[in-house]
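Undergrad: Keeping their order, the protein sequence lines are chains A and B.
In this text, residue positions in the first sequence follow our numbering: the first is 10, and each later residue adds one.
In this text, residue positions in the second sequence follow our numbering: the first is 551, and each later residue adds one.
Worth flagging that the hints you see were computed from the coordinates, not collected in a lab.
Some hints could be false.
[Unchecked claim] To list a few chain B residues with every Cβ distance to chain A over 10 Å, as calculated:
#: 1; residue: L568
#: 2; residue: V583
#: 3; residue: R620
#: 4; residue: L643
#: 5; residue: T654
#: 6; residue: G678
#: 7; residue: L682
#: 8; residue: H721
#: 9; residue: H736
#: 10; residue: L755
#: 11; residue: L759
#: 12; residue: R765
#: 13; residue: L769
#: 14; residue: G792
[Said to hold, decoys possible] In silico DSS-like links for lysine-lysine, alpha-carbon gap of 25 Å or less:
#: 15; chain 1: B; residue 1: K625; chain 2: A; residue 2: K37
#: 16; chain 1: B; residue 1: K712; chain 2: B; residue 2: K625
#: 17; chain 1: B; residue 1: K694; chain 2: B; residue 2: K712
#: 18; chain 1: A; residue 1: K38; chain 2: B; residue 2: K625
For glycine and all other residues, C-beta sits at the position ideal for the given N, C-alpha and C.
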Amino acid sequence: MTHVGYLVAGYGATFAVLAAYGAWIIGKKRALARELPPEERDPRWH
Amino acid sequence: MRSETGTRVLGTLAVAALAVLAVMALVVTPPDVNQQDAVRLFYIHVPLATVMYVAFGITALASVLYLLPRTRARKWDLLAGASAEIGVVFTGLTLLTGSIWGRTTWGVWWTWDARLTTTALLFVLFLGYLALRRTTGDTDARAKRNAIAALAVSIDLPIVHKSVEWWRTLHQKSSLLDEETFLHPHIHGSMYWTAMLGIGAFVLLFAWLLIHRYRLALLADRVEDQGLERAIAERRAEVLTGAR
């Protein structure tokens with residue numbers, strides 16, 4: 010296979026950035042949900 | 551089906567589709583006669599760019615719905631912001647994968663080609679839009695300002711799409727998603743189906759991200775309201791205590 014370094018960089022950066030962004034959204038959502046009183050929490054926020 | 555189960559299924563489907571895409575793109579499809587294995591970047595670059603259009607398209611549509619008095623609702627402003635943020639992430643990755651691909655085929659990381667320049671401009675414009683959303687002020691006035699700004703910067707979207715036709719560019723013409731190539735694609739066989747799978751996989755991922763980012767925006771709104779109500783209650787209690 011040719012251009013292995015470029016392929017690793019392209020695919021690696023894409024999947025790493027998207028995974029990190031998804032994890033950030035879920036983490037932030039859970040952290041914010043904890044700030045609400047339990048009776049106001051929605052299961053979709055966990 | 552409960553909505554959290556639905557989003558979990560969606561997320562699982564997106565991850566599975568991306569895994570299949572990685573195998574198809576890196577192992578199954580053949581190398582290109584001219585570009586050799588560098589062509590494999592095509593299977594992520596084009597889907598990322600496609601989602602970029604979808605994300606900013608949703609931002610523009612939600613902004614219109616907010617500006618129309620009959621449909622005006624806070625949810626459209628939040629949806630516009632959520633979709634724009636994801637769009638910026640995908641635009642950044644489109645520029646990055648395009649730059650890597652450009653280095654292998656053109657020999658340069660960057661050139662001031664019309665497609666590249668208008669896409670970079672789109673990235674900067676929507677970053678500005680996201681910065682504008684963080685400013686303070688009356689909720690309705692702020693949302694109207696956001697919507698107008700989103701529509702103003704969205705003017706660049708069709709320019710990006712048509713740039714390869716309007717100007718002589720180094721960037722190749724659309725491979726899949728214009729009026730002609732959609733019906734008569736320039737690529738065939740496993741290359742075509744892998745590109746289509748890539749678009750499907752990234753659209754699924756976008757949908758999952760959008761649902762969660764929108765819920766996060768709703769939640770942030772609720773927490774902000776709670777904080778405001780608590781601050782008002784505390785101030786009222788202080789005033790009452792002082793009056794006694």
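Undergrad: Each of the hints needs a verdict: does it hold here or not?
TA: Evaluated hints:
1. L568: It is violated; L568 of chain B is separated from chain A by about 7 Å at its closest Cβ, not greater than 10 Å.
2. V583: Consistent with the label, V583 of chain B stays out of reach of chain A, its closest Cβ about 12 Å off (over 10 Å).
3. R620: Fine: 28 Å to the nearest Cβ keeps R620 of chain B off the interface.
4. L643: Label violated. Min Cβ-Cβ 5 Å, cutoff 10 Å.
5. T654: violated (5 Å)
6. G678: holds (20 Å)
7. L682: At roughly 21 Å from the nearest Cβ of chain A, L682 of chain B sits farther out than 10 Å, so the non-interface label holds.
8. H721: The claim stands: H721 of chain B keeps its Cβ more than 10 Å from every Cβ of chain A (closest is about 17 Å).
9. H736: Nearest chain A Cβ is 21 Å from H736 of chain B, so the label holds.
10. L755: violated (7 Å)
11. L759: About 6 Å separates L759 of chain B from the closest Cβ of chain A, which leaves it inside 10 Å; violated.
12. R765: It is violated; R765 of chain B is separated from chain A by about 6 Å at its closest Cβ, not greater than 10 Å.
13. L769: L769 of chain B not clear of chain A: closest Cβ-Cβ about 5 Å, inside 10 Å.
14. G792: holds (27 Å)
15. B:K625 x A:K37: holds (19 Å)
16. B:K712 x B:K625: violated (31 Å)
17. B:K694 x B:K712: With Cα atoms ~29 Å apart, K694 of chain B and K712 of chain B exceed 25 Å; violated.
18. A:K38 x B:K625: holds (17 Å)
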